Structures are given as C-alpha cells and as structure tokens.
Amino acid sequence: MKIALAGNPNSGKTTLFNAITGKIEHVGNWAGVTVEKKEGDVKQSLNPRNEDLVVVDLPGAYSMSPYTSEESITRDFVQNENPDVIINIVDSTNLSRSLFFTTQLLELGIPVVVALNKSDLTEKKGNTIDVPALRDALKCPVIQTISSKSSYNGLPELLDAVIMAGKSNKKQISPNIGAKKASTKEEFEKVDKKRFTFVNNIVTEVERRKVSSEKQTLQDKVDRIVAHPWLGIPIFALIIWLVFSISQSWVGPVFADIFVGWIDSLNAGVASLLGENVNPVVSALLLDGIIGGVSAVVGFLPLIMVLFFCLALLEDSGYMARVAIVLDRFFKKVGLSGRSIIPMIIGTGCGIPGIMATRTIKNERQRRTTAMLTPFMPCGAKLPIIALFAGVFFNENSWVGTSMYFLGIIVIIISALIIRKITGDYSKSYFIMELPEYRWPSIKRASVSVLMRAKAFIIKAGTIILVCNAVVQILQTFNWQLQVVAETAPETSILASIATPLAILFIPLGFGLWQFAAAAVTGFIAKENVVGTLAVCFSITNFINVEELTLVGGSQEVSSIFGISAVAALAYLVFNLFTPPCFAAIGAMRSEMESPKWLWGAIGFQLSMGYVLAFLVYQIGTLVTTGTLGQGFIGGLIAVLVIVGCVLYLMRRGSNSAQISAGMRSVKV
Amino acid sequence: MMSLSKGKVNTPYTVNCVKTDSEDIREFLFTLGCYPGEKITIISKLASNYIINIKDARYSIDEELANAIMV
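Residue numbers (the numbering used here), protein chains in the order written: chain G, 1 to 669; chain E, 1001 to 1071.
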C-alpha cells in the first residue's frame, strides 16, 4: 500500500514521516525544508500485522496549482502515481487556509485521511475544534495528531484509519462545494472562490478561537526586536558568534580533548602492534597516511557536532525565518531576495542540500545565482580548515569562524551584484514567506540530527578521505622511478612534482608550497581532505593536543612546520572557502542550474573569487604587518587585473544588453 | 481604495484587488486566502518588510508586494 503525505508547508509532514517510519530526514521550523519526495516503510511498532506499507513524504504545497517547482512534485505525485491513500496533514492552528488544499485532494477520488496535526498547539492557544463535525463536513476520517511527541500522539489511530481506508477499495466521495466542473480559467477561479467559501463555512462551524489570530501576541513583540531594521543585524551577529564560541572555544574543545585522546591511543596501539620490524614504507602508509590523515580530520568531529547542534536548535526555534527578513533588504539591493537566505543557511551544514533548496526560488536568475553562491557559506566540511588555521595561527578561535561566516555573506552580496550586472537581468520578484511560530527547540531532535551528521562524517572519513590520504601518502613516498624518496629531498616525490607547477600560481597568494597546492586540489574531492592532506604532507598526526587544548607542541611549532606567515595562512583559508566546492556540490549545482553555461560560469567565477580574495588578503595583510609587499606581487597583480578586466567587460556587455532590451520594450509600448 | 503599504498597523482591511502583471503571484496569494473580499491585517512594519496576517497565518512580505495589494 502506497501512502502519500501531503499538506501545506511547515505543517509537520516530515516530522510525521520520521515518526511513522523511524527515519531521520531533515526537519526545520520553516516552510520549504523538504524539496524532494522521500520514501520509507512504516516501522514495526505501528504496523503490527506486518503489512506492506510504504510512506512517501512530499514537499509542502498550498494548492494543486504549483507556484514553485518543488510544489509541482507534490501535485504530480498525487495526480499521476496513484497512491492508495493520501494522508493530508492539516496544521490545526490554521484550518482556514489548510482545508483549501484538503478539498482539492478530496476531489481526486483517492481515499484521504486527515491528520489534524499540532493539536497540542491548538489546545495551548485555547482553541477548540469539533472533530466529529469536521469529519462529517469533509466526508473523510479526521484524526488528531501530535507528530512531535513520541507517545499519545495519535499515530496508531491514524495508521489504523489509513489501513482501513486503503483496504475498503471505495472511491473517496468529495463534499459538495456547490460548484460545477470548470473548464475555462474564469470558471476555475469561480470554483476556487466557492471552495474558500465552503472552507470558511466549515471553519466557522467547527472551530472556536479564544483569541482572534490578527491580535498582537508576544511572538509579534519578539519579531519586532529580532527582525528590527538595525538591531536585527547585531543580534544575528551575536548569535552566530555565540554558536562559534560554544563550538570552537567553550564546549567543543572539551569533547575534542577526550576524543583525540582515544585517537592517539589507537595510533599508539597500532604502532606497537606493527612493532619495529615492519617495512618503514608500509608503516608510514598505515600510521602517517591512513591513521594520521584520517584522525587529523576526525579529531575535529566534536567541534563540528557541537556547531551542528547549536545550528539545529536555531533552526528548530523558528529564528532562521526572521534572519531572512533582516537580510532581505540587503539581498534585494543586489537582485536576490530573503528567499535566497534559506538555501544559504541550510548550506552552513552541507552545501548539497543547500543548493537543492534553491528550488523554492521562483525566479530563474535568482535561483541560479543562489545555487552558485550558496557554496560560499562555510559548510561543515570546511569547518576543520577554519578550526585548524584559527587554532594554529590565531589564538582567538571563535573570532575567525564568525568573521568567515559574515565574510561569506558579504562576498555573496558583492557576487550577486556582479552576476546581476553580467546577466543584465534586472527583473524584480515579490518576496513572500510564511513566518513560523517560535517554539522551544527540542534537545532530542537536535541530538538526533547531529548523530546522523556525525555518522555521515565518519563514513566519509572512513571511505573517501581514507583513500585520498593513502594515495597522497603513496604519491609523496615515491618518485617517478618508483623509488622511495630520500627524507632530505621530499620535493622529488611524484606528488611534489605534480603540485609544484600549481604552487607557482599560488606564490602571489603567499602559499606557493607544493604541500598547500596538493591540499587545495584534494579539497575538491572533499573539503575535509585539505586538513588530511596537510597532516600527511607535514607528517602531523593530530592538530589538537590532549593536555593543553592547544595544538601539538604548541601552535608556534606547527606554524613553523607549515613555513608560512599568519597572513598567508589567512589567505589560504580564504582561498579554500571561496573556491568551487567539492565535486558532489558541483554536481548539485549542475542539476539545479540546468544550464552548462551557468555551471561553467559559476566554476570560473568561484575560482576567480577565491584567487582575488586570497591575493588581496595576503598582499594587503603583508603590507600592513611588515610594511613591504608580499612575494610575487607583480605576477599576481597581472592575474588579478586580467580577472577583474574580464568581469568588468562581461558586466558592461550585460548592462548594454539590458539597455537594449529596455529600449525594445519602450518601443513596443 | 489604497495600497496596503499605506495602511495602519493593527487595522483589519478588506482586500480589493492585487494590482500586478504577475499572474503567478496573484494566484499564489489566492491559495493563501488573500483575494478580493478577504481580510488582511498588518501586524508590524519592519524596515522595508511588512508582517501581515491572512486567515490564521503570519507572512513576511516586501514593500513591492504591499504596494500591489489594494485594500
């Protein structure tokens, strides 16, 4: 039996899906978290007779006429894929809007069961809903549910009703909304008006509200502060700073401390198992390459988990939708809108779902631009790089993370402005977004989501990153004659000879060493590799010390091993954050942009942005700190001027074409 | 008739029409319950954004959309 979950955005479909299948799909307290359909089997405890029950979670939709592309997934599924039963999740705090979609679903002929979700919130507000009357009016079963609760949540009753409806083989009879079948547009509009009148009549009959919804609430007062035109930005900055402080300086390191202790003992254990008589190449591959490289990356797991935990709490609270309002103003000036914020916030976890979330943006140029710029937000995989450089070169850890986060936002805004000029597309679009209610974030939900991410991180570390580190170790052990490289001449290795030509390009950026070039390249496979490759190339096994919570042998020692200045380190950090993302994220960009021209343009733009920013950071930083310009200034300046020249040319061409098309329009008028 | 952007906070208005070339946004607003004859209330004005109440939900809309909604 195939069961479809359909309902308005943020009515709790995915929470219900997770509750009845036992899966852990990403949820958040705002509209548009789910952008594709997901399938799962009903879990054993809710399916005692072991029937074949497949549940399909669909993106939220307000009606059968889609506004954005993810809404059309929902319509296409319920219309064309013949589900046996539809569970229509209705937000019980907002009957008057939700039932519009319900009446449309009832007309499909497929049995519908209404899950009256968030019924705890209705009670809290002092509203009452006459469930039997609603059932009679809609002519379908109506079950009250609280999908966020783990027991007494109405889910067993819901599934009983679903199974019964699915087995009855009866066609759903739709209530008579008092309209004839429509064929023309005007007729459709009339029918939809009748539909709303029908819904309004039901709602006045079944619902009693204690406080009318247009009255001001405490939540509205909070909104006026956190989404205040000027206070909103410092509040957002403070919250992000807190998130980074907690994860990078306060709580994260405590866990990292314990965790790295385990890794070290594992390393020592393997070393003693191997003994003295093992071939040094093999032992180096195992200890330095595989264990060393992987543990250097995994050592940052506690910091990442704490960060994700804080972000999950923020997402759950409903605050993130307010951030979209605060930033809408700035994004609007550069041709994007507050809508673009949501993919970027999701992209702070991982760029791929972030890029996929751009589907909720209707305007094509805005959608493509957002997909192109979302990778500029520091994703979870880039966090080890930030944490490493913050720890090695800058004592004030949380300061670096926060500033990279906001630098990301600023770079995105500047880039959006450039892209708008290049495309010459000045079309405006309206911004409308549902504001979810605030709620106390759930520690349990956040923990579950963090554990899922940790699992994915460890799997990645044990597969892709392990293989990459092993390959890097082998390539730096041998030279082209397949002889072991002498310790005094590491620059003769295969890896060094491949990476050196690339490193020349990086001289004007301050990090023209083959090790850094190699790490930047392996970073395209997975950004965690940057840290892993550096660990392997410089033979450092872990970056976090057990006793001191500082870096191995003191950060001074590591920075002297790296052999670059703090300014160059910052340039390297900036370079890695603002170059193209990993291949998987580029793949996501390709599928969301649906245009090779845009994709290649995006990759070229990201490469240029990384190079120019790193150049500026290194050269200006060196000038300020030492009073002289950095190495390779002239060469770098030429490269940067060429890039800037190309961009300026494209911008000019774009604005010319915009003028021409504006001219055409005025001629037509 | 005036645009919603000129409206006062906390005063229920009745939607008259949505004045825009974009058929999509008009239809989308319709599905939210914002169409001629329905009630709409401004909850607060924040910078260039308006928090509005339609049916039983809060939305954030920008100035352009507030200009397009005639009450």
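The set of hints was computed from the structure by calculation and includes no laboratory data.
Note that this is a predicted model, so its numbers are computed, not measured.
Mixed in with the good hints, there may be bad ones.
Unchecked claim - Below are the BS3-like pairs computed for lysine-lysine, each with C-alpha atoms no more than 25 Å apart in a straight line:
{"no.": "1", "chain 1": "E", "residue 1": "1019", "chain 2": "G", "residue 2": "362"}
{"no.": "2", "chain 1": "G", "residue 1": "333", "chain 2": "E", "residue 2": "1045"}
{"no.": "3", "chain 1": "E", "residue 1": "1019", "chain 2": "G", "residue 2": "139"}
{"no.": "4", "chain 1": "E", "residue 1": "1039", "chain 2": "G", "residue 2": "221"}
{"no.": "5", "chain 1": "E", "residue 1": "1019", "chain 2": "G", "residue 2": "193"}
{"no.": "6", "chain 1": "E", "residue 1": "1039", "chain 2": "G", "residue 2": "139"}
{"no.": "7", "chain 1": "E", "residue 1": "1039", "chain 2": "G", "residue 2": "215"}
{"no.": "8", "chain 1": "G", "residue 1": "428", "chain 2": "E", "residue 2": "1006"}
{"no.": "9", "chain 1": "G", "residue 1": "428", "chain 2": "E", "residue 2": "1045"}
{"no.": "10", "chain 1": "E", "residue 1": "1006", "chain 2": "G", "residue 2": "332"}
{"no.": "11", "chain 1": "E", "residue 1": "1008", "chain 2": "G", "residue 2": "181"}
{"no.": "12", "chain 1": "G", "residue 1": "193", "chain 2": "E", "residue 2": "1039"}
{"no.": "13", "chain 1": "E", "residue 1": "1008", "chain 2": "G", "residue 2": "190"}
{"no.": "14", "chain 1": "E", "residue 1": "1019", "chain 2": "G", "residue 2": "185"}
{"no.": "15", "chain 1": "E", "residue 1": "1019", "chain 2": "G", "residue 2": "190"}
{"no.": "16", "chain 1": "G", "residue 1": "332", "chain 2": "E", "residue 2": "1019"}
{"no.": "17", "chain 1": "G", "residue 1": "180", "chain 2": "G", "residue 2": "23"}
{"no.": "18", "chain 1": "E", "residue 1": "1019", "chain 2": "G", "residue 2": "194"}
{"no.": "19", "chain 1": "E", "residue 1": "1045", "chain 2": "G", "residue 2": "194"}
{"no.": "20", "chain 1": "E", "residue 1": "1008", "chain 2": "G", "residue 2": "221"}
{"no.": "21", "chain 1": "G", "residue 1": "125", "chain 2": "E", "residue 2": "1039"}
{"no.": "22", "chain 1": "G", "residue 1": "180", "chain 2": "G", "residue 2": "139"}
{"no.": "23", "chain 1": "G", "residue 1": "215", "chain 2": "E", "residue 2": "1045"}
{"no.": "24", "chain 1": "G", "residue 1": "38", "chain 2": "E", "residue 2": "1045"}
{"no.": "25", "chain 1": "G", "residue 1": "333", "chain 2": "E", "residue 2": "1006"}
{"no.": "26", "chain 1": "G", "residue 1": "221", "chain 2": "E", "residue 2": "1019"}
{"no.": "27", "chain 1": "G", "residue 1": "333", "chain 2": "E", "residue 2": "1039"}
{"no.": "28", "chain 1": "G", "residue 1": "171", "chain 2": "E", "residue 2": "1008"}
Said to hold, decoys possible - The following residues of chain G were derived to be distant from chain E, with all beta-carbon distances above 10 Å:
{"no.": "29", "residue": "95"}
{"no.": "30", "residue": "131"}
{"no.": "31", "residue": "324"}
{"no.": "32", "residue": "442"}
{"no.": "33", "residue": "658"}
The beta carbon of each residue, even a glycine, is placed where N, CA and C say it ideally should be.
A quick look at each hint next to the structure:
1. E:1019 with G:362: holds (19 Å)
2. G:333 with E:1045: holds (19 Å)
3. E:1019 with G:139: With Cα atoms ~37 Å apart, residue 1019 of chain E and residue 139 of chain G exceed 25 Å; violated.
4. E:1039 with G:221: holds (22 Å)
5. E:1019 with G:193: holds (18 Å)
6. E:1039 with G:139: Outside the cut-off at roughly 28 Å; violated.
7. E:1039 with G:215: holds (13 Å)
8. G:428 with E:1006: Roughly 21 Å between the alpha carbons, so the hint for residue 428 of chain G and residue 1006 of chain E holds.
9. G:428 with E:1045: holds (21 Å)
10. E:1006 with G:332: holds (21 Å)
11. E:1008 with G:181: Roughly 40 Å between the alpha carbons, so the hint for residue 1008 of chain E and residue 181 of chain G is violated.
12. G:193 with E:1039: The given pair, whose Cα atoms are some 14 Å apart, holds under the 25 Å limit.
13. E:1008 with G:190: At roughly 31 Å apart (the allowed maximum being 25 Å), residue 190 of chain G and residue 1008 of chain E break the hint.
14. E:1019 with G:185: Answer holds: residue 1019 of chain E to residue 185 of chain G is near 18 Å, not above 25 Å.
15. E:1019 with G:190: Between residue 1019 of chain E and residue 190 of chain G the Cα gap is close to 19 Å, so the pair holds against 25 Å.
16. G:332 with E:1019: Answer holds: residue 332 of chain G to residue 1019 of chain E is near 21 Å, not above 25 Å.
17. G:180 with G:23: violated (42 Å)
18. E:1019 with G:194: Measuring from Cα to Cα gives roughly 22 Å; hence the hint holds.
19. E:1045 with G:194: violated (32 Å)
20. E:1008 with G:221: Status holds; Cα separation ~17 Å.
21. G:125 with E:1039: holds (21 Å)
22. G:180 with G:139: holds (19 Å)
23. G:215 with E:1045: Measuring from Cα to Cα gives roughly 15 Å; hence the hint holds.
24. G:38 with E:1045: violated (38 Å)
25. G:333 with E:1006: holds (22 Å)
26. G:221 with E:1019: Violated, at roughly 31 Å.
27. G:333 with E:1039: Distance of about 31 Å is beyond 25 Å: violated.
28. G:171 with E:1008: Violated, at about 49 Å.
29. 95: About 7 Å separates residue 95 of chain G from the closest Cβ of chain E, which leaves it inside 10 Å; violated.
30. 131: For residue 131 of chain G, whose nearest Cβ neighbour in chain E is about 18 Å away, the distance exceeds 10 Å, so it holds.
31. 324: violated (7 Å)
32. 442: Fine: 22 Å to the nearest Cβ keeps residue 442 of chain G off the interface.
33. 658: holds (18 Å)
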